[in-house]
Each structure stands twice: as C-alpha cells, then as structure tokens.
Amino acid sequence: MDELMDFAEVLERFDPVLGLEVHVELNTASKMFCGCATAFGAAPNTQTCPVCLGLPGTLPVLNGKAVESAIRIGLALNCEIASWCRFARKNYFYPDMTKDFQTSQYDEPIAYEGHVSVETGGVVYEVPIERAHMEEDAGKLVHVGGATGRIEGAEYSLLDYNRAGVPLIEIVTKPVFGTGDRAPEVAREYVADLRDMVRALGVSDVRMEQGSLRCDANVSLMPKGSDTLGTRTETKNLNSLRSIERALRYEIRRQGAVLAAGGRVTQETRHWNEAGGYTTSGRSKEQAEDYRYFPEPDLVPVAPSREWVAELRATLPEPPAERRRRLTTEWGFTEAEMRDVQGAGALDLVLATVVAGAPPAAARKWWVAELARRANETGTDLDGLPITPAQVAAVQALVDAGTVNDKLARQVIDGVLAGEGDPAAVVAARGLAVVSDDGALGVAVDAAIEANPDVADKIRAGKVQAAGALIGAVMRTMGGKADAAKVRELILTRLS
Amino acid sequence: MSADILRATAAELSSELAAGNVSSVEVVTAHLDQITRIDEDVHAFLSLDAGRALDRARHIDAARAAGEALGPLAGVPLALKDVFAYRGLPTTCGSRTLENWVPPYDATVTRRLADAGLIILGKTNMDEFAMGSSTENSAFGPTHNPWDLDRIPGGSGGGSAAAVASFMAPLAMGTDTGGSIRQPAAVTGTVGVKPTYGGVSRFGLVALASSLDQGGPCARTVLDAALLHEAVAGHDPRDSTSIPAPVPPVVAAARSGDVSGMRIGVVSELGGEGYQDGVEVRFNEALVLLQKAGAELVEVSCPHFAYALAAYYLILPAECSSNLARFDAMRYGLRIGDDGTHSAEEVMSASRGAGFGEEVKRRIIIGTYALSSGYYDAYYGSAQKVRTLIRQDFERAFAEADVLVSPTTPTTAFRIGERIDDPMAMYKNDLCTIPSNLAGNASGSFPCGLAPEDGLPVGLQVMAPAMADDRVYRVGAALERELSAIWGGTVIDQLADSTAGDYLGVSREGVL
Amino acid sequence: MTLTPDDVARLARLARIDLTVEELTKLAPQLDVIIASNRLVSEVATADVTPTSHPLPLTNVFRSDEVVASLPVADALAMAPAAEEDRFRVPRILEEEQ
Ligand SMILES: [Mg+2]
Ligand SMILES: [Zn+2]
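Residue numbers (my numbering), protein chains in the order written: chain B, 1 to 496; chain H, 1 to 512; chain W, 1 to 98.
So here's chain B without its partners, still in its complex pose (with noise of 0.2 Å):
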C-alpha cells in the first residue's frame, strides 16, 4: 500500500499542476470511416465491416457528421478552428486496433487554443484547452481465465469490434495551475461542465458509465515557489465525477508521501481501484511508445470554409457555466441548492419542469430529493426515469391546488413511474385525492375529540399546538386523504 500524506499538509508544500484528457464518443448514426452502426449493447461483431476490421484493402471515408461535431465541441471550447488540418497514423500493436494503428490528428488537430471557465466553491477557475482533435475508437477486450476478467493472469482474450471506429473527440488541456487545494474538485467541476456542454450540443451521450465519455487525469506536484513542473503520473479508468476528485486526491496525497521521503515521481500510467479507493501502477513511460506519427495518406487534408466553421458557430447554445449562473439568478436558488441540481444532473430537467409551469424550488425539490432517491433505487439516471417533467410539474399543480397533499403526491408519482398514465388518472384511479368537504370531515374531527377527551381539555384551555395529535387521529381514519388544514380549522372552531 501507498504511503499517502495529509492532503492539507500536501498543500502546504506544493502547488499539484493538473492537465485532463477527455474522450468524448461521438452519437454519429455511422462511424468514423465507414458505415457501421454505432449503438452500444449490441451483439459482438454485429457492427463491423471490412473497413473496421481492417481487412487488406480497405480504405477510409471520413464521416462529415463527425467532423461538423469536432468543430461545434471547438467552438464551444472558445477554440480556433484549423483551416486546413490532417489526419495522421498513431503506429503501434494492440490487438483491440484492427490495422495496428489509429487514425487520430497528430500535430494539426482541428481545434485548439481555447478555454473555459470552471466555477467551484464561488471562485472561477479558467481551464486553458490546447486541443480538441478527431479520432477513432478501439474494439473492446474480454479477458478469459483470470481471476477477475483483468489482463493480468488471463489465459486468452477475446475481442468484440463493435466499437473500433467508433470516432472520438479527444479534449486535451494544457497544465491547470493555480487550483490549490480545490485541484480535484476543479478537475471534477471541468468534466461535469463538459459533460453538460457536449449534451446541450447534442454531439454524444455523454455517458460515462458507458464509456462515451472517458477521462484520464494527470497531476504533479509542483513545490511552493518554484517553477519547474514535477513529474506526472497519468490516472487511466476513471468512470464517474466522483472517481476523478477522489483519484486526483489520492495521487497527490501519494506524491506528496514520494516527494516528502525524498523519492522520486515515476511518470507512468496508473489504475483507479474505485472499490479500493486507491491508483495502482500501471505501464512505466520511462521508455516513451514511438508511435512513428506520419500523416494519413488514405484520407485527404480537411479544410473547413470559414462559412461553415461561421453557420456551425451560430448553432451553439448557450455556454453551461453563463447558462447555470443566469437560471440561479432567475430561479432564486442558493449556490449550493445548484450545486445539488447540478450534481444530480437534474438541470435540465428542473428547467424543463419550470417551463412547464412549477415552481423552480418545487420542480428542484421533486428531482433532487424525491427523484434521484428512485433513480439510486433503481440504478437508473434520472432521465431514464419513466417519467417527464410535464407530468412532474403535473403533480406539483395538483398539490399547489389542494388536491393531493405531498404525501399523496408521492403515491401518484408511484403510480406514474408504475406506468398508470398521468397524475390525473393515477389520482383517479388510486382515489387519491384529498377530502376537504365539510360534512365527512366534520363526522372524524367530532370522533376524534369523542376518543380523545384529554386533548380536547388541552386545546380548550389555549394549547393550540395540540391539535396535531387530534389531526393525526383525523389522517388516519380518512386514510390520510384529509386536506390537514381544513380539519385543523374545524378542530380549533369546534374547540375555542
């Protein structure tokens, strides 16, 4: 096990540098160089072709999509979007690479310069972006006869190319400095803005889960004062926001333990045990690879017109970060009430819900607490809950209304996530609807004060706050279908 330091006592001492390398998998109908579907789950090998296989002879078409969504990402980097660029060969060996190199951007990616802004704990960091560059995926590896499907001890592996060709979106920062202590939430905040800003682009799913966006974090620790940058480790198999702050901490704990004992930084490639909560060490880049780059002969240089670079440019929404500080402000939410929608990834759910008429604190009270408990429960996002924010706003109408409270709001949005159709026709078909009429409440309210002398004696004497105990006793005979304020008025008038 690692020596680890004491994250504070880390930050005493050194300054971590972090740079972030997120691939970002692109939602194209068709992959990058042939016409292969690109849906993930299907059977093994079933979205494959000569060209994705590689086999002898087979060349590559660029797909026009991708390219229109590698330059709407490095618009929304605040990239410069090249006028002429190339693709080139990254050569080595890896069985899951069917022609034993990828077809990726070398040194002409088609964006690069930009930046973003990445807004933690009330301070704005700014994350400068050297490039954002097209490439494809690799096929996916099984591995057979280990102990837990690991490489290491596996007998054989098997490969699934499904996924090879797949085309990518590589995002490369260029060193982050200045984050201080707030490094591993900086690093955590600027891929969930990713993340928010390539759906609003609608270009990827986004799903980090299932790898169509994966994100390797470099950190090294730079000591106070100096300005000569220490060498970095490379944290692989990063798959939640949560792994990458946790992750980040951990290796800067760690190198900090290397640096205090007078050890030396390996730069090399390292896991992230999730379950264990530690990195492990992975291939050494003492030898660097030698991919031998050299550009792509099979496919033709890309050089996009500054009319279209201007048309794709006008199609970009508004930037997450301006986004989420202008609907805090118009929504009245603390920041850490944002924080909490965000984190869940309920803002554009909370927004939709808004539009379709709640509250902002209602729509964010239902997503945020009673929503994403059942996402948890049932292992799914919130989007794929069966349920819309219409109907969720549907709901919050009906209890603005009188006519369930929020105890049987919950019941109707079971019946609604049951799959019993609208609020409205779960209430009436659960008979869930408050009773408020005078007559049959009137009837429980005397029951009530006839079981409970004692208390009655409390309310006529002047205390009110006993009342609670007679409303319960009202609740449950009506099987809590009682509209709460209206038995407390007849309580207290049948009483004073």
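If you are wondering where the hints come from, they were derived from the structure by calculation, not from laboratory data. Owing to the predicted nature of the structure, the values given are computational and were not obtained by experimental measurement. One or more of the hints may lead you astray.
Partial list, derived from the structure: chain B residues whose beta carbon lies under 8 Å from chain H [what the hints assert, rightly or not]:
1. Pro-50
2. Gly-54
3. Pro-56
4. Asn-91
5. Phe-93
6. Thr-98
7. Asp-100
8. Asp-290
9. Arg-292
10. Arg-324
Every residue gets a Cβ at the ideal spot worked out from N, C-alpha and C, and that includes glycine.
Given the structure of chain B, go ahead and fit chains H and W with the ligands onto it with the hints provided.
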C-alpha cells in the same frame, strides 16, 4: 481456331464476340487450356477460377443471345494481380501471411470488371506485397519471362505481364507503386499504363504505399490497354483519394494516335550512364519515329529526379511499415506459436517473422527507422520535400512539353537470381518509373523494339500531367502504329512467331 | 556503419518481427547501405520546401452519416485463426491498453 483466339487482341475478341463469330465460353476455354499447357513453365498464375469463369462466360453468352446491352469487353477474359480482393478466391499478395486468406468483399476494380462483363480467369503472381522488380520475391516461386524463361518478367506485377505476353490472357490488371506495371511491360514487350493517381480506385487493392499505389491495365496493344483503363477507372466514393472527375478520353486517344504538333520532352536526366546500349538505341529510334509522325522533340531537364530513388525508398518503406502492421495474426492470416504458452505479442512477432519474406522485412525495418522519433525529419520529412521538388520539376517540364519520355527501364530483363542479393542494384530498375508515382501523374510503357545485344524487349515510357492520361495513349498508339508498319506486327507477335516462342504454340505458321 | 545489428534488432522489435541471428547479420549491412544512400534526400530538402504528403490537392472528402449494412458475423469471423462466442480469440496479452 484456338491459336487465333489466343493471338487476338481484346478489341478483336470484342468484335468477334459481338458478331457472334465466337462465344465467350470458347474464348475462356481456349485461355484456360493455354494456361494448363504452359503455365507450369511461366508460373504467371497463383490461382485459377475455371469454374466461375466458365459460368460467367455462359452467362454473358446467354445475355448476348437475349439481346442485352453489353459493354465492349463483355465476355473477354482477364488475369487479375493477386493484390485485388476478389470474393471466393484467396488474395495472397504473394505472401505466406495471406496464403489462405479469402476476402469477404470485392475490390472496386474487381466489381467494375464484373460489371463490364470481363471474366476473371485467376490471380497472378507478384513480388510479395508488391515489393520488388522481378517477381522473385513471391513466396510461391518466381514467374518466368516468356521471352527467355531464365529471365525475370519484371515486378512486382510480373505475373500479369507474363500472362499477357504468353497469350494466357489478352488483358491483365496490375498495380504500380514505383513501376510495377510499366517495368514488367517493358521487359516483356507489352503495354502497361499507370493512370493518374486517383484515377482508378484503390479500394480493395491491398496497400503497399498508399500515396503511390495505382491500379492500371496490362495488355498487348495500346487500344486494349485503353479499353481496360476505361472499364475500371472513374470516381469511387469508397476511396477518399479518388478523383471526382470524368475519365480522360483514353480510348479515343488510343484509336487516334495523332501526335502532330505535340511537344514531346526528352528528360535529359533519364539516360546515359547505367543505361544499356540497346535500350538507348531503340529509345532513340522511337523518338525519330515519333518526330516523323509529326511530334516536336524538346529537351527538358528535371534535376531533382536524381533524388527520386532515395526519396522513394524512404516514403515507400515508411508507408508500408504502417500498412503491413495489420498482418499481426490476430484477425486473419498466418498465426504461429498460439499454443497457450505464448503471449499475443510473441505470437505477433513470430507470425510476422515467419510470414514475411526477406524484402518485406527489409522494407518494414527501413520504414520503421525512417519514421522513428529523432529520424523523421532527416528521412521521411526530407523525402516528402523531395516529392515537392519533383512535382515542381514536372510542372516546369510540362510547361515546355505536352508529354515527357524516357526509357522505361535502364536495362532489359536480367537473369533470375542475378540481383537478388543486391537490393540497391534491384532498386535501380525503377529509376525512370518512380518520379511519376511520387508526383502522381499518368505514365505508360510501350514496346519500342528488341535490344540488339540480347534480343530482349525495350520499353519507352510516356509521362503526362495528372488527368491527361489520354496523352500517354496518344503517344503510345502513334509509336505502335509506326513500329507495326515496319515490323508487320507488334513486338509480341515477333515472340509468338520466333523459335523462342515455339512453346507458346501460337505462331502464325501454327495458326495458318 | 551507422546501423548496427543491435539497431536492427530494436527496430525489428518495434515492428514486431522476429529475426534470426542470421537474418540480423545479413540485414544490418544491407540496410546500412540503403539508408546511407537514402540520406541523399537531405541535400535538397531545405527548410523553405514544403513537404508533399498527398500527390493530389484534394480536400474535404466526406461521406454522409448513414448506416450501411455490416458484415454477417460469420463472414467477419470466417478468416479468424481462432474465434469464440462470436469474438476473435487471441493469445493472452501482456501489455496494457494504450
Ligand atoms: Mg488519443
Ligand atoms: Zn465498419
């Protein structure tokens, strides 16, 4: 009858088939018989597809009988270099690695041949992965030059050229990366054209060097080559480097052969020292004939051609080291050492070590070196700059001349085994042909006689600007017309009617 | 001699080609000669010359984002040296993914 069929050109067969004087089944059968009879000596073919060829011939005959509209070459047989993917037959590229590989798809060229009604007899021998100038690098043994079976038929497309020269097929498809169509054409006395880069689709052509490779026709006459060129050329959306423009009027040019007023530039750098006397003699005679036909001769200089060979032997190995990486024994091809004790990495290296021949290994290692970090600028980067300089040489020369000419090869066919252990000597075969590949322009080789000292064919190379392929054919046709007027036939007819060609069984005496 | 048998061995490893000792001893001097003569290119490859990567000046060749039928799995796997559960079977891999 059979010898008549074999001696006939594709154009002649086309009209005989159209007139109903012969059936495609008869034509295909005659050629299959010729292959059976002589290919043991020549070894032009790596595989035969007799059953399917005859089926297709029957199909074409039936279609013709039913009055269907057919292309000019419908029913004419052809030999396909074993580098084009063709479903149902192995595509070996002359390599052990691919000995049993049957592609699950057709090359665009293969598909267009089928669409044009051409009938593929089989696949022809070649230097492994098209690396070589003698077809000695085939893993399946060398092809022999029909003019002298002890000599090389050129390479890499020696099988295609030899098949055509020995009357086993009237037409063949080749590929040309640094001269692999033109050099075999020159040393076998046949016609071979490398179209403008991007003129013929590379989809389904197993890549040697992507930025240099180009498929093209092999034939015994200029018109035949043009007819085949027209059948396979044209834009292909599956090849990003395919030119989205109409095919130049090559057939019309081959029929016309009109060079009056044409300025023919003689490249001063391509001749002199290192060029066989007989080659220069025949080349100069050809120039006189072209002048007589109305062309104007001008001298042009292309100073950077001196660097072409060096640049080529960096660019080609670099690209091929990457193109051939996929032969890693994981998805197809020869796999060695998969016994449960060896890792994927070890199996890859063992399989490639066993599956690749010496020349392939040589070039992959040179290419790996030329691209490796620290050497890229000095080697690959510089070679790409030389490419620019050569292109500029061509541009300047084409401002002064409509076409450029040179001998196709410095020497006639050498003996099998003569240069196999001297790679540099072997590479020099391609001295004259390489510049057109580096620049991407159109280029062809046409017979211009037999060298007096050895009686072997000499080729004249015609180079034209990109997409001016028709000029190549125009000059080729003029030369063919002038020479045939003197000889009473083509160079290949001289082989057929000579004692050296007796084994071919197609002499005029035999015919008559 | 600038390219030693050791250099050739290193390059062969990078290119994933097993070479015998005999091959190494034969190849090294041959490659050395070839590379030495190819060094000629640097004589004229001055800084002001732009390199040519593609012989023709085509740009922006795109296909539209349309799905085309894939190969039947049996065809995709037909030539595989080994297959299992509709996947290509390969020997155990020692190195990690890139
Ligand atoms: Mg990458
Ligand atoms: Zn595909």
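Evaluated hints:
At a threshold of 8 Å, the smallest CB-CB gap from Pro-50 (chain B) to chain H is about 5 Å, leaving the interface hint in force. Hint on Gly-54 (chain B) holds. Least Cβ distance to chain H is approximately 5 Å, under the 8 Å limit. Given hint, Pro-56 (chain B) at the interface with chain H, holds; its Cβ is 4 Å from that chain's nearest Cβ, closer than 8 Å. Annotation: Asn-91 (chain B) was flagged as interfacial toward chain H, and the flag holds, the nearest CB pair being 5 Å apart, inside 8 Å.
Residue-level restraint check for Phe-93 (chain B) holds (minimum Cβ-Cβ distance to chain H is 6 Å; threshold 8 Å). Taken as an interface hint, Thr-98 (chain B) checks out: its beta carbon lies about 7 Å from the nearest beta carbon of chain H, inside 8 Å. The beta carbon of Asp-100 (chain B) comes within 4 Å of a beta carbon in chain H, closer than 8 Å, and the hint placing it at the interface holds. Residue-level restraint check for Asp-290 (chain B) holds (minimum Cβ-Cβ distance to chain H is 5 Å; threshold 8 Å).
Interface hint at Arg-292 (chain B): satisfied, since its Cβ lies 4 Å from the closest Cβ of chain H, which is below the 8 Å cut-off. Because the beta carbon of Arg-324 (chain B) sits about 41 Å from the nearest beta carbon in chain H, more than 8 Å, this interface hint is broken.
Violated hint: 10 only; the structure is consistent with all others.
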